[in-house]
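Given next are the chains, with one letter for each unit.
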Amino acid sequence: MVSSFCWSCMTRLRPTPRAVLPPPVAAPRAASFHTSTVRYALPAKKKASLDGPPKFREAKSARMKKKKPVEKSRPPSVGERKALRKRIVLSNPNALEVEGMQDLSSENMVDARLRGSVLGLPVPMLTQLRAVEAFKPKQGWSIFRRPGTVVRRETLELGRFIDGISNEGKDKGRSAKKIVTGVRGSGKTVHLLQAMAMAFTKQWVVFTVPEPQDLVIAHTSYAPLSDDTPHLYVQNDATAAMLSRTVTANEQVLKNLHISQQHPALKSSAKAGMTLEELAKLGIQDPAIAWPVFQALWSELTATSPAPGFDKGFKPRPPMLVTVDGLSHWMKNSEYRSADFDPIHAHDLMFVRHFLSLLKPGSEKPALPNGGLLLYATSASNNPTIYSFEVALKQIAARQAGLNASAPEFPQADPYSKADKRVIDAFDSAKPTIAKEGILELQTLGGLTRDEARGFMEYFARSGLLREKINDAWVGEKWSLAGGGVIGELEKLGRRLRVVN
Amino acid sequence: MAWQSPNCIVHAMQSVRRTVQLRSFLHTPISPVSLRTNITPILSQQQRNARGYATEVQTAPEINFDTFSVQPARIIPASPAYFSGSPKFIDHLLNLESVLAKWASLPTVSPGEAPRMAWFKLMQFREFVGEPVPTKKYKNLIKILQRLNRIDPKLMPFEVRDTLKIFLRPGNPYGNKPVPATVDEMGRARGRGKRKTSSAVVHLVEGEGEVMVNGKTIVEVFPRLHDRESVTWPLKCTSRLDKYNVWATVRGGGVTGQAEAITLALARALLVHEPGLQPVMRRAGVITVDARRVERKKPGHVKARKMPTWVKR
Amino acid sequence: MPPRLNLFNARAAVPVLRHPSSNISRPSIVTSIGINRPTSHGLHPGLPSSTRMDKRWNSSASGGDGSERPKGPTEDPLPHVSEEAAEIAKIMNKKCDGTAASPELEQGTPVSEILQRDKEAQKHMPKVMQDQIKSSTGTRSFSTSTRQSQAELHDQGKSVDEQTAAMVANMISQVNQQAEELHPGLKFGPVEPLPKTENFRTRYDSLLEQFTKLLMTDGKLSMAQRNMAFILDHLRTASPPQPNPKRPLLPGPPAPQLPLNPVLYLTLIVDSVAPLLKLRQQKGLVGGGASVQIPVPLALRQRRRTAIRWIIDASDKRRDSHFAQRVAHELVAVAEGRSGVWDKREQQHKLGTASRSNLAGNRR
Numbered sequence: 001m002v003s004s005f006c007w008s009c010m011t012r013l014r015p016t017p018r019a020v021l022p023p024p025v026a027a028p029r030a031a032s033f034h035t036s037t038v039r040y041a042l043p044a045k046k047k048a049s050l051d052g053p054p055k056f057r058e059a060k061s062a063r064m065k066k067k068k069p070v071e072k073s074r075p076p077s078v079g080e081r082k083a084l085r086k087r088i089v090l091s092n093p094n095a096l097e098v099e100g101m102q103d104l105s106s107e108n109m110v111d112a113r114l115r116g117s118v119l120g121l122p123v124p125m126l127t128q129l130r131a132v133e134a135f136k137p138k139q140g141w142s143i144f145r146r147p148g149t150v151v152r153r154e155t156l157e158l159g160r161f162i163d164g165i166s167n168e169g170k171d172k173g174r175s176a177k178k179i180v181t182g183v184r185g186s187g188k189t190v191h192l193l194q195a196m197a198m199a200f201t202k203q204w205v206v207f208t209v210p211e212p213q214d215l216v217i218a219h220t221s222y223a224p225l226s227d228d229t230p231h232l233y234v235q236n237d238a239t240a241a242m243l244s245r246t247v248t249a250n251e252q253v254l255k256n257l258h259i260s261q262q263h264p265a266l267k268s269s270a271k272a273g274m275t276l277e278e279l280a281k282l283g284i285q286d287p288a289i290a291w292p293v294f295q296a297l298w299s300e301l302t303a304t305s306p307a308p309g310f311d312k313g314f315k316p317r318p319p320m321l322v323t324v325d326g327l328s329h330w331m332k333n334s335e336y337r338s339a340d341f342d343p344i345h346a347h348d349l350m351f352v353r354h355f356l357s358l359l360k361p362g363s364e365k366p367a368l369p370n371g372g373l374l375l376y377a378t379s380a381s382n383n384p385t386i387y388s389f390e391v392a393l394k395q396i397a398a399r400q401a402g403l404n405a406s407a408p409e410f411p412q413a414d415p416y417s418k419a420d421k422r423v424i425d426a427f428d429s430a431k432p433t434i435a436k437e438g439i440l441e442l443q444t445l446g447g448l449t450r451d452e453a454r455g456f457m458e459y460f461a462r463s464g465l466l467r468e469k470i471n472d473a474w475v476g477e478k479w480s481l482a483g484g485g486v487i488g489e490l491e492k493l494g495r496r497l498r499v500v501n
Numbered sequence: 001m002a003w004q005s006p007n008c009i010v011h012a013m014q015s016v017r018r019t020v021q022l023r024s025f026l027h028t029p030i031s032p033v034s035l036r037t038n039i040t041p042i043l044s045q046q047q048r049n050a051r052g053y054a055t056e057v058q059t060a061p062e063i064n065f066d067t068f069s070v071q072p073a074r075i076i077p078a079s080p081a082y083f084s085g086s087p088k089f090i091d092h093l094l095n096l097e098s099v100l101a102k103w104a105s106l107p108t109v110s111p112g113e114a115p116r117m118a119w120f121k122l123m124q125f126r127e128f129v130g131e132p133v134p135t136k137k138y139k140n141l142i143k144i145l146q147r148l149n150r151i152d153p154k155l156m157p158f159e160v161r162d163t164l165k166i167f168l169r170p171g172n173p174y175g176n177k178p179v180p181a182t183v184d185e186m187g188r189a190r191g192r193g194k195r196k197t198s199s200a201v202v203h204l205v206e207g208e209g210e211v212m213v214n215g216k217t218i219v220e221v222f223p224r225l226h227d228r229e230s231v232t233w234p235l236k237c238t239s240r241l242d243k244y245n246v247w248a249t250v251r252g253g254g255v256t257g258q259a260e261a262i263t264l265a266l267a268r269a270l271l272v273h274e275p276g277l278q279p280v281m282r283r284a285g286v287i288t289v290d291a292r293r294v295e296r297k298k299p300g301h302v303k304a305r306k307m308p309t310w311v312k313r
Numbered sequence: 001m002p003p004r005l006n007l008f009n010a011r012a013a014v015p016v017l018r019h020p021s022s023n024i025s026r027p028s029i030v031t032s033i034g035i036n037r038p039t040s041h042g043l044h045p046g047l048p049s050s051t052r053m054d055k056r057w058n059s060s061a062s063g064g065d066g067s068e069r070p071k072g073p074t075e076d077p078l079p080h081v082s083e084e085a086a087e088i089a090k091i092m093n094k095k096c097d098g099t100a101a102s103p104e105l106e107q108g109t110p111v112s113e114i115l116q117r118d119k120e121a122q123k124h125m126p127k128v129m130q131d132q133i134k135s136s137t138g139t140r141s142f143s144t145s146t147r148q149s150q151a152e153l154h155d156q157g158k159s160v161d162e163q164t165a166a167m168v169a170n171m172i173s174q175v176n177q178q179a180e181e182l183h184p185g186l187k188f189g190p191v192e193p194l195p196k197t198e199n200f201r202t203r204y205d206s207l208l209e210q211f212t213k214l215l216m217t218d219g220k221l222s223m224a225q226r227n228m229a230f231i232l233d234h235l236r237t238a239s240p241p242q243p244n245p246k247r248p249l250l251p252g253p254p255a256p257q258l259p260l261n262p263v264l265y266l267t268l269i270v271d272s273v274a275p276l277l278k279l280r281q282q283k284g285l286v287g288g289g290a291s292v293q294i295p296v297p298l299a300l301r302q303r304r305r306t307a308i309r310w311i312i313d314a315s316d317k318r319r320d321s322h323f324a325q326r327v328a329h330e331l332v333a334v335a336e337g338r339s340g341v342w343d344k345r346e347q348q349h350k351l352g353t354a355s356r357s358n359l360a361g362n363r364r
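Residue numbers (full-length UniProt numbering), protein chains in the order written: chain A, 1 to 501; chain B, 1 to 313; chain C, 1 to 364.
Don't read these hints as lab results, they were simulated from the structure. Please note that the accuracy of each hint is not assured.
[Claimed, not checked] Here are the simulated DSS-like cross-link-like pairs (lysine-lysine), alpha carbons at most 25 Å apart as the crow flies: (1) A/Lys138 - C/Lys220; (2) A/Lys178 - A/Lys255; (3) B/Lys303 - C/Lys220.
[Claimed, not checked] So, partial list: chain C residues that the calculated Cβ filter (under 7 Å) puts toward chain A: (4) Thr237; (5) Ser321; (6) Leu351; (7) Gly352.
[What the hints assert, rightly or not] Derived, one-sided and incomplete: chain A residues facing chain B with beta-carbon distance under 7 Å: (8) Glu80; (9) Leu84; (10) Pro316; (11) Leu481; (12) Lys492.
Computed from a prediction, not measured in an experiment: that's the story for all the values here. Backbone N, C-alpha and C define an ideal beta-carbon position, used for all residues, glycine too.
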């Protein structure tokens, strides 16, 4: 009879910790030499009894059991969370109507007496502004009765500029190019919004790119532009979306304008006598031709005179406002890949390339021949750090200050850092040769002044949201807390409650 | 009970010795030595007489009852507290109580205005009296001392003053005060503060409400509103936010720690400019030092106090 | 270079000593300021309150706009008397046709001007003034901008004008002292006594703080505060509650006004569903090891805690994706009497009423 013990094995096995041992197998292995497999098995658990050995540092109470997660019937439906995140509420019926609040109009947008007060956005214009996605979530529109914006110094300058271009005078047909920067919450996007609102009151055509990031994160379709230029890509769906934004927002203006040129790229679909609205809608209906349609629309809007044969019913084109909000996403490689699986630089996307090319001064005619404004804003919250873009912005500021590019103090990229030359070149615009075209400028938005901040806080109080006595000391305190009147921070302070009891 | 420890015997001996001294000092009792000196001349006279006139009988000298007293059968302790465990302490206590009873009617000042006195710490006092003094009893003694100290300094009797002097620590711990900080020639006041593991230095100048932290604006450094409020609280509660400019340098720790370290530093710097704000800021809780720090992890523990779960093997 | 004449001290302190040939260009605004107080600078004993501050330092660079900053006596940008008079005359000419507009014109010409015209008198004039005329050439080595510092003045004031500067400084210190005596240890006037809410540690409403801390998980306070802000914003923007007459909120402002004061709204909601008592399991009251429930009254904070706990627990069953949104919806449901928290409260009270009898055993 074989002994149930193998002594040598036992002595060898004993010091080994149990955890290292192979897990006990239910059935004895076939090739097992020993019959002692059973011994490896964990000893049978003793019955848990209260009389057993005392347990230390173990929760004895049944109450300390973790709460089981509540069973959810089903997860939220697709897109529900995003819709919630992107929802824009422009009105709070609980808030009080502010008495005597003026609406933005062509008269009061140049009125310096209104500085520091809040101007409401006209209600009919809200659909247009929504169409161009001028509002962003988390901007605090939802706690007021109706949307309104503060008139600050920059707003008045903007108003005067837009007014000057629209009216008959020496400024007619001028164009300006600005890159708006500033710290987080300094009101860059709202500045763009104000520009759009003013442009709509002046019957301009407004093109916007509210989310430049969406174009480079490979979320929309892309295709090579043509066989001749395989390294350039068009994004038809994104273009169609932009056309639809533009058409909805500028319907009134586009309806009254007619085609004035031949558009060979569109072949037969563009007929003479078509309105520009109909032209744009071609691209919306068929995204495959969205890009040529956009180009056709652009050339129509930048036309200064009709082509021969299209003289009938030509109207002068209105000035244009082009805004891009969050420029730095366009300054790096996109998430798209070429056929060779190389990353595509954002500047190789036709859409991006078109809007960046507007920054360069035109050779024969200005980038915006009928006058207008390019407002490209950076973002401080959703902002990839791109060294070459920072250098480019510094260069713009230096050029604006009158520094020559060959001057020694002109900011240059560090030769040891891999600066992206395409980015620096994109902003390297020489002084325009055409008189009506402005130089590329850098506009830095800072904080509000104390008076403007006071007007803003009074607006909160008059809406019934703030229960404090608003005096200069109080406003000064908030002004300091907001880092020198940064308007986004002021808004947070205004909606914050402090109950003094 | 008092004899249980050898220490007590020593105490008893000490008190005996002291009693003897006291008695000789107070009553000048008739000691054996002095008795002898009184007696010897008489005896020597007798011896002389005996030599000269051997047959002459003389009467004994009159007994002077004034100088005679009964020799006590045993030594009596001077103080009844001798039979307690800590006689010296109780003597002190009784003495203080009697002094207090005597001068209780004198007008007092509020505790804040009374001069600050450095009484013996408990350990020092035990050494001083050489007896084991219970903590609680010593606290009661301190209470009496403080009550006596509250007597209006102008009317303080010499007796009380001398009595209190016994219980003062040697040296003058509260005497050498730090030089009060002043605004420097550039108009800056400097304050330092700590909280958690952060330490901050604030330079405060008069200005118009700009706050810079580590060379950046306050919004950049503290994105959370709560922290920004914390930082400016000393100026806010005194409504001086638009009257000073703050330049803060803060190192170490996290966001909350940094913010509240600046609060403390700022409050201290503001005190340099305006010492009169102290009560307000005390009430606002900004010059109260929060000395809590993270408890260290100990060997054998998982965290500072958590122990690993007990397993049988 | 030896210290030159300190024009700043001299000009402001003693107007008579001013040199007319100084060529400081003056903005016209300054003149208009001067008109308001033609004689009251310099030696006037009762310095205006603004000059009291001048000894202090100001770090802000508001050099561009001089009117914002309180002016020191030595940097008062008043022009010279005669220039001023000329300016005033120019302004006043339109109105009163050349009549003397200010006391200076009536009182005659300053000594310094006379001396300059009269060469004979110059020889006999005080040494102080002689020095001044000698040393005042047209150019100066220092900036013409106004000085901010008293200290700097002391450093430079090694010339004859030192005395005058010292006198001015003396007066300032006097005024400062007076202010000190009025409010010892204060620079900007007294502070009104602080309400309790202004304490650094208890800056929020007590219920708000309790609610926030109960929303907190894993010690993440700032996250909890963000959730709390969302909840309050929701209460502010959601339509006012339609109260259920069976389950009314505590008396307060009428329902349509509640959203404008969300903290009060929240307090009313929580306090309305807060139970008055809790049930404690007590062993050994009746013997035999059986436990009985006895009702125990709760303090305010405990009541609120229980209510908040119930609300948060009830919100877990909701289907909104965000935690804060779930809680916010639950709160509105409580306000409208739709929430299960009300049932919980009623149940608790019913049990408490029933177990009142167990209290007798406790009273031995």
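> Which of the listed hints are broken here?
Replying inline: The structure conflicts with hints 2, 6, 7, 8, 9, 10, although it agrees with all the remaining ones.
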